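Q: In case you want the letters, here they are:
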Amino acid sequence: GTALVGLAGAGEAQEALEPNGWDEITSYCNYYEFGTNKDDPSRYAGQLTTDPWSVTIDGLVERPGEYSFADIIAKMTIEERIYRFRCVEAWSMVVPWNGFELADLLDLAGVTSDARYVAFETAYRPEEMPGLRFPVIDWPYVEGLRLDEALHPLTIMATGIHGRPIPNQNGAPLRLVVPWKYGFKSIKSVVRITLTDKEPPTAWNKANPREYGFYSNVNPTVDHPRWSQASERRIGAGLFARREPTLMFNGYEAEVASLYEGMDLRANF
Amino acid sequence: MLVDRLNSTARRVPTWIVYAGLSLPAPWLFWQGLTGGLGVEPIKALEHEYGLLALQLLIAGLCVTPLRRFAGVNLLRFRRGLGLMAFFYLCCHLLVWLVLDVQILAQVWADILKRPYITVGMAGFLLLVPLALTSTDRAIRRMGMRWRQLHWLVYPAVLLGGLHFVMLRKGWQLEPLVYLGLVAILLLLRLAPRRKRVAAHA
Numbered sequence: 086g087t088a089l090v091g092l093a094g095a096g097e098a099q100e101a102l103e104p105n106g107w108d109e110i111t112s113y114c115n116y117y118e119f120g121t122n123k124d125d126p127s128r129y130a131g132q133l134t135t136d137p138w139s140v141t142i143d144g145l146v147e148r149p150g151e152y153s154f155a156d157i158i159a160k161m162t163i164e165e166r167i168y169r170f171r172c173v174e175a176w177s178m179v180v181p182w183n184g185f186e187l188a189d190l191l192d193l194a195g196v197t198s199d200a201r202y203v204a205f206e207t208a209y210r211p212e213e214m215p216g217l218r219f220p221v222i223d224w225p226y227v228e229g230l231r232l233d234e235a236l237h238p239l240t241i242m243a244t245g246i247h248g249r250p251i252p253n254q255n256g257a258p259l260r261l262v263v264p265w266k267y268g269f270k271s272i273k274s275v276v277r278i279t280l281t282d283k284e285p286p287t288a289w290n291k292a293n294p295r296e297y298g299f300y301s302n303v304n305p306t307v308d309h310p311r312w313s314q315a316s317e318r319r320i321g322a323g324l325f326a327r328r329e330p331t332l333m334f335n336g337y338e339a340e341v342a343s344l345y346e347g348m349d350l351r352a353n354f
Numbered sequence: 342m343l344v345d346r347l348n349s350t351a352r353r354v355p356t357w358i359v360y361a362g363l364s365l366p367a368p369w370l371f372w373q374g375l376t377g378g379l380g381v382e383p384i385k386a387l388e389h390e391y392g393l394l395a396l397q398l399l400i401a402g403l404c405v406t407p408l409r410r411f412a413g414v415n416l417l418r419f420r421r422g423l424g425l426m427a428f429f430y431l432c433c434h435l436l437v438w439l440v441l442d443v444q445i446l447a448q449v450w451a452d453i454l455k456r457p458y459i460t461v462g463m464a465g466f467l468l469l470v471p472l473a474l475t476s477t478d479r480a481i482r483r484m485g486m487r488w489r490q491l492h493w494l495v496y497p498a499v500l501l502g503g504l505h506f507v508m509l510r511k512g513w514q515l516e517p518l519v520y521l522g523l524v525a526i527l528l529l530l531r532l533a534p535r536r537k538r539v540a541a542h543a
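Line by line, the protein sequences give chains A and B. Per my numbering, residue 86 is the first one in the first sequence, and the count goes up by one each step. Per my numbering, residue 342 is the first one in the second sequence, and the count goes up by one each step.
Just chain B, with the same shape it has in the complex (with noise of 0.2 Å):
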């Protein structure tokens, strides 16, 4: 069968693939910020590359439990490191906009407050830095049931994510609103109802 092939083939993979692969992006971006690859304004565009990269990485981590619960492929052992280089590149995103956009270290600190996009988008990369400190095994161990309770953290900060794409763009704009329903389908299939346990205690 298909998955099973798929999850015997992924059981083979070593997981430093995906911080390799994964890796690779945020330099070659840079360099083509550099080299004139991203338009006239290369700032933002790299600002944007890279925010919308950590984006599609923690979607991709959302993907991971319902594939595995309504498909049967298991790619857990993947999801730390497309979480990890979520908020990589979520860090990468933050430091053009300090460094390289905003530039006056002051006026950083008025938009975090006054503008509410970036309020939205900032709260959402906190939510995520305790997730990111507490990703090693260690850590998983000595928290246990905690350590669950703690990484549902993600579904709040992804969410604040989709809607931080939405507000910062002019009008009602396709691109962002899709993330952002992709993101609402991907949080409301955990609601869905576990048919065997139910099945079970009844």
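If we strip away everything but chain A, and leave its shape as in the complex, we get (with noise of 0.2 Å):
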């Protein structure tokens, strides 16, 4: 019913969004893996290995195991979602993702009824990405969700952009993505997925905890130590770009604020 209702309202609001440019939404990445700067991934990413490809998942899961991407591939319904991504750097893209529901995958590998948490790990491969040779943040990435989170039929896996596979410096071959929170949360090259029932460990939130939180909901009202959150600058609009206001949930607030109902969005940022 009310999944449903939301995904409406996601449709509706799809429609006024005009997506980015391939070349912009490929061109200005993070993928610290293939270092810090914004040109670095679509510069030395093409040497990751996407194909063979298989994402482990295991935990609290009724059938653990090795899938294969072509074999997830051919049990899922690829359809497009036009999605607001907002970086955590104040600015923001309008990305058509091509990809299919996360809880479609966790269903391929049966959630078990202790599960809480879902934890997301990129590939680690030292030999193919450059960036893995500074102790930036700790490797391998690391993410994760509430399990009710990733189940939201908002929360995708991506395996394309404007109907085209999905470039490496964007998380080839399959990627999260989760449009309400900040972009680093949608973590990319995803090898593994664990099912558990406690809040798992992610990347960000061990390299500063103060300045990034476990949930990292886009947020207006509450300000990152280093940036206002407040506004953003759409990518693409030159140098005389205005900002715009941030909306709270990235815009998703319909579909998404009952997930964090009764939770103190300023402690729990």
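These are calculated hints, taken from the structure and not from any lab test. Some hints could be false.
[Claimed, not checked] Chain B residues, not near chain A, derived (Cβ > 10 Å throughout): (1) Ala-361; (2) Ala-480; (3) Leu-509.
[What the hints assert, rightly or not] Cβ-to-Cβ under 7 Å is the rule here; a few derived chain A residues that face chain B: (4) Phe-219; (5) Ile-222; (6) Arg-311; (7) Gly-321; (8) Leu-324.
Nothing here was measured: the structure is a model prediction, and the numbers come from that model. We put the CB at the ideal spot given by N, CA and C, even for glycine.
Reconstruct the complex from the two isolated chains, following the hints.
A: Okay, structure coming up:
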């Protein structure tokens, strides 16, 4: 009931969104495994081997094991989702993702009733990822969601952008997309998904717990210590781009606010 | 000798070359930002380019004394130009941040107070203002020894600039740490004992 209403709402909001171009989306990336400059990923991510690829799904699931990317794709229905993408650095894009709901992937493995959280891990390949030479953060990159966030119909695993296979710098061959959270939650090039009963560690929270919380929901009323989160700048609007107000939950408040009912969003940032 | 040749060449180069040559990147980078040469987020890129140039010029200025002391290369006559051009790029950096990036004046003030990396950067800039104001021959003559003492403010200013760079990046990144390390080395070189004088006194 509510989920369907929520999706209908998302559908309406989507129509108003004008997606960023392919070049904008694929040339301005944060993927520190390939370097910390915005153009490092597009320059160096080509060397990442994405075929063959498999995702280990383990922990509190009925059918743990290695799921090959090809097998996953064969079982999923790919659809387009045009989402706002809001980086914690206060820039934003609109990305037309192609992918499937994470809930469908988790169904493959069968989540057991005691699972409460989902942990994710990015590939760790020092020979293919030059950025791993530097301890910018504690590698490998890890992320996590509460189970209800993971099962939310807006949460997808993306395998494409603009109808083309997702390029390496954007997290090939499959990445998480959680549109109401800051971009760093949408972990790239996923190799492991673990269902647990405890809140899993997350990469940026480990690096700087004062600045990055577990939830990291887009929230214009809670500032990041280094950036105001009240406004954002759309990528591609040029040297004289105006700032735009940031929307609560990145514009997905109607769909996801109920997940956090009764929670102090200032404490759980 | 190479050092003598360098010194005699340096004596013949007019100092206005420093101002003319170093002012070119400012409009060039702005034009690049306007026409897509700085990528899809030109505001941040321009802000960073100007800031980095300022830091590099400040570091170049800090190299002048050790070069003379440890290598015998005398570039003292270019130091004022390096310092003033560094200050010029800091002003460009600040203007891009104010006008193009933050855009909201009330928020600029909030940022200076609330965000430590901006507080640190702004403190470094403010320390350099009196130095830029007293960069004339007249001020040097009139202030005498006090001029030298005042201009020691460049040391904490550059240190704050290097710190600002480290703090504004996410995580521990190599590039700003290299710059901060370079600044630290150049400052530590100034603590090296002056052997000749010590020997003379002994």
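Q: Give a verdict on every hint.
A: Hint-by-hint comparison with the structure:
1. Ala-361: holds (25 Å)
2. Ala-480: holds (37 Å)
3. Leu-509: Violated, because the least Cβ-Cβ distance between B/Leu-509 and chain A comes to about 7 Å, which does not exceed 10 Å.
4. Phe-219: Given a least distance of 5 Å, the restraint on A/Phe-219 holds.
5. Ile-222: holds (5 Å)
6. Arg-311: holds (5 Å)
7. Gly-321: holds (5 Å)
8. Leu-324: holds (5 Å)
In the structure shown, a violation is registered for the earlier hint numbered 3 alone.
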